[in-house]
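Model the full assembly from the supplied sequences, consistent with the hints where possible.
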Amino acid sequence: MTAESAATLAARVPDGACIALAPDYSGCSIATILALAARGARELHLVAVPQLGFQGDVLIGAGCVGIVEAAAVSLGEQGAAPRFQAALRAGTIEMRDATCPAIHAALQAAEKGAPFMPLRGVIGSDLVPNRPDWKVIDNPFGVDDPVLVVPALAPDVALLHAPMADREGNVWIGIRRELMLMAHAARRTLVTVEEIVDGRLLDDPALAAGTIPALYVEAVACVPAGARPNGLFGRYPPDRAALAAYAEMARTEEGFAAWLGRQLATPEAVGA
Amino acid sequence: MTAESAATLAARVPDGACIALAPDYSGCSIATILALAARGARELHLVAVPQLGFQGDVLIGAGCVGIVEAAAVSLGEQGAAPRFQAALRAGTIEMRDATCPAIHAALQAAEKGAPFMPLRGVIGSDLVPNRPDWKVIDNPFGVDDPVLVVPALAPDVALLHAPMADREGNVWIGIRRELMLMAHAARRTLVTVEEIVDGRLLDDPALAAGTIPALYVEAVACVPAGARPNGLFGRYPPDRAALAAYAEMARTEEGFAAWLGRQLATPEAVGA
Amino acid sequence: MSARLEELLVVAIAGMLDGLGHVAVGAASPIPGAAALLARERSGGRLRVSLLGSERHSAFTDGGRELFDCAGQGRIDAFFLGGAQIDGEANINLVGVGDYPRSKVRFPGSFGSAYMYFVVPRVILFALEHSRRNLVPRVDFVSAPGSSPPNVYRPGGPHALVTGKAIFEFDRARRRFRLCSVHPGHDVDEVRAETGFDFDLAPEVPSTPEPDAVSLALVRGSVGAAIAETYPGFARRVLGIGG
Amino acid sequence: MSARLEELLVVAIAGMLDGLGHVAVGAASPIPGAAALLARERSGGRLRVSLLGSERHSAFTDGGRELFDCAGQGRIDAFFLGGAQIDGEANINLVGVGDYPRSKVRFPGSFGSAYMYFVVPRVILFALEHSRRNLVPRVDFVSAPGSSPPNVYRPGGPHALVTGKAIFEFDRARRRFRLCSVHPGHDVDEVRAETGFDFDLAPEVPSTPEPDAVSLALVRGSVGAAIAETYPGFARRVLGIGG
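Chains as they are written, first to last, in my numbering: chain A, 149 to 420; chain B, 149 to 420; chain C, 259 to 501; chain D, 259 to 501.
Fair warning: there could be bad hints in the mix.
[What the hints assert, rightly or not] Okay, derived cross-link-like pairs now, EDC-like style, lysine to aspartate or glutamate, Cα gap no bigger than 20 Å in a straight line: (1) A/LYS283 / B/ASP304; (2) C/LYS362 / A/GLU242; (3) B/LYS283 / B/ASP293.
[What the hints assert, rightly or not] What follows is a list of derived Cβ distance ranges for each label pair: (4) A/ALA392 / C/ARG314: 21 to 29 Å; (5) D/LYS362 / C/GLY279: 37 to 45 Å; (6) C/GLY479 / B/ALA159: 18 to 26 Å; (7) B/TYR384 / A/CYS370: 34 to 42 Å; (8) B/GLY290 / C/PRO359: 22 to 30 Å; (9) D/LYS362 / B/GLY290: 37 to 45 Å; (10) C/ALA431 / B/ASP293: 39 to 47 Å; (11) B/GLU343 / A/GLY382: 19 to 27 Å; (12) C/ARG360 / B/GLY290: 27 to 35 Å; (13) D/LYS362 / B/GLU343: 46 to 54 Å; (14) B/ALA390 / D/GLY500: 21 to 29 Å; (15) B/TYR384 / C/ASP429: 53 to 61 Å; (16) C/LYS362 / A/GLY403: 16 to 24 Å.
Keep in mind the hints are simulated off the structure, nothing from the lab.
Cβ coordinates follow ideal geometry from the N, Cα and C atoms, glycine included.
This is the structure:
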């Protein structure tokens, strides 16, 4: 595997790509998100697995996003996602509202090579009429039993950050198996990690159980603190002060521009 | 959790129950299988996940089985499953032939609480006309695009053997995630393990990734060597000589009876 | 020692969880979380509690989908939902005020509500705010409906609505809320004035009982210490626990 | 050093895997397994090989379903299937001889064939036996069909049939096998006599080439050592490797 960086990973994401992104509490490759902003990516289609936080707001603020598909978008404790809200008001992004298990089901359909997946519930929600790509069919095993079906969703790229990878490209994600689902469902998976470890993760029976095999992984870049200011499970907590500062600055377009300019001037500031 | 043994686990399996069983290379609770034979369980419906080996043949030979649902039944290296073959010839069991991913899909539907699951392929196989519980529908997202759908399959009991559990009832299964699927899909999960460990498996991030939470587990019995003469991943290889001896003796009903009688006389013989 | 409103709510909600097997609590829900932990203590540990966002009180190992799969399997008996808007038929809106998609006010989104509301038998709606702003005649966007036609698979649905002023039960047959109790310091007239939808009255509408001393001690003791792992700010500010 | 039949087959099959990205090999398949490992060595490691039953050469971490999911994702380029019966339209039977379900002879079952045959682009049928017993006019039970109507989703299907006597390619448009080469020591007439179905002939039907020296050395060297992990008996008996 050639030496990769957040910038080389970002270069592998074409404009217009559909990108699966993890929730803030899981594995977010903020370093690559900033690199995408730096190169001025355009018209990305973000798929939240299943909700979107800081990384989505940054990409939206940087003008990289055309479509957002999510069960929710917010900064969590830091409140509303300001650039998402502004883009919605300005009409510059298309929002595809979903519900968490519908996104999981659509990704699992792609994981299985199945054309669609049925999901109980949801009928009668206003989500349904606003999602022309969803349908309600009769359960073929029932009588007068309507059931929602969602089409398979295979993102072009799964982008994630994880604690460690080995030199083969196997990536340890522990119990954060939404990252496994993302890697299985997406055509290509790009990963930043805290560290590249010696040995082979699959050779350790305990670690193997939480490892995305290299088979699914196109490229790995070693970017310590690559999730900051988000946290990374088992490694570091979120930097609440930095996230609150973002939430404050990003309330205006100018404030966001200043925040992003500072990040891009000193990328290591994000990891500070 | 009260003190359990293979016999108390077997007592928790009512006659007529639908039981999910793992392949020989995964985690088979042979100790509980023998206890089921000892108590003369009747009319069990075996669901192979997805193929059935030694444990199924023993239950069939002991007259415990009414229905077998499997993608394949054999003793692997030791050849055909003799009691399965004899029961088929005698017409004493109902065979529901399947294909591996159809069983996985049906269990995943149960895992998700979905009424069914679509599966590509299979159309044109003689499996389809012989499975009146399967249907071919039009892909609701396609045009003239037939696709197989299989109904959700929620076994009454998942029966498995694993390397270790903790005192809360969390069970470590490593990468053998068909055991996880079984536990999620089945209404009740009964487990034998090699050892009960101190501490909490979920507190170790590496072990947690391969752990079935106690939430899904009804009872755990500590039965060292509980998978023998099968192997157990990471612990011991299959006892090929013992399995070959079984295959030879089980060619006749009398031979099987003699084999079983010997097992039940000295249960620890199985673990020898 | 008199109870704070939050403590009263914790104890009242815990009472709705007695006898259940497994309660799950979503993110950003300190009061329901504390209620679930209190109910667990009172059950002698028989009640299983899954607190999203907790390391200690969450046992999921299959990623983000497991909460929903687990609910779909029928393994979750009670769950909590909020609603930026809630209406008299228990429809909830987590998406926005005004004409979707050009909402005047946009909330985060529906999360898992459109599923959990259907499959969890006892969904408790929780909103500290109690005003005509959030308790409306008709939600602007139905994230999840309060009821469904009889042919729609729906083992679950709304059980109660707990606010900062009162507790309502939901009558699924009548598709209406029934006011069951009013918290100390409030009365039925005030609740009626501050509620944007019509509702029934229980034959008697008592005051929501003050927490019993044992429960209150638990809330301020072991339950508070446990909830502090996930909600340190809440534990400190409301229960006076921790730094 | 002259090659054994198994070695010839390993090298011939490896040639069918050149340029692919990922080959998976099911259980109880030492010759296809060795062929895949040989192709991997010749690719400089670019070919990924998943050998079921191997610890070292299998990278799956999602349980028994992952092989099938992975194939459904389009990530497996070639796979091997056998058949207790194979017919001239490449239908395969892994279930039984005679009228199902009261088969006269019962085999283990269809395994994953009814799926893999549809979704893996290059499925190689492999049967050491070459006789009218297993190569039949029409299989008694279709575990997996060799071809499908045009409206059936089918990115995959049969590519070739490799036996102990010959190699056929499958022409998906004509739904017929075409004899491509006959192994040393056999001839077209014998193949015709021992095959229960009609087939086409390639313009020329050469002898299956003897393994080149480099490949043969690999088979007897590093490839043999690698396959010995999963198939020690095969490696010892056929390749003379190990105890």
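Run the structure past the numbered hints and jot down the numbers of the failing ones, going up.
1, 5, 6
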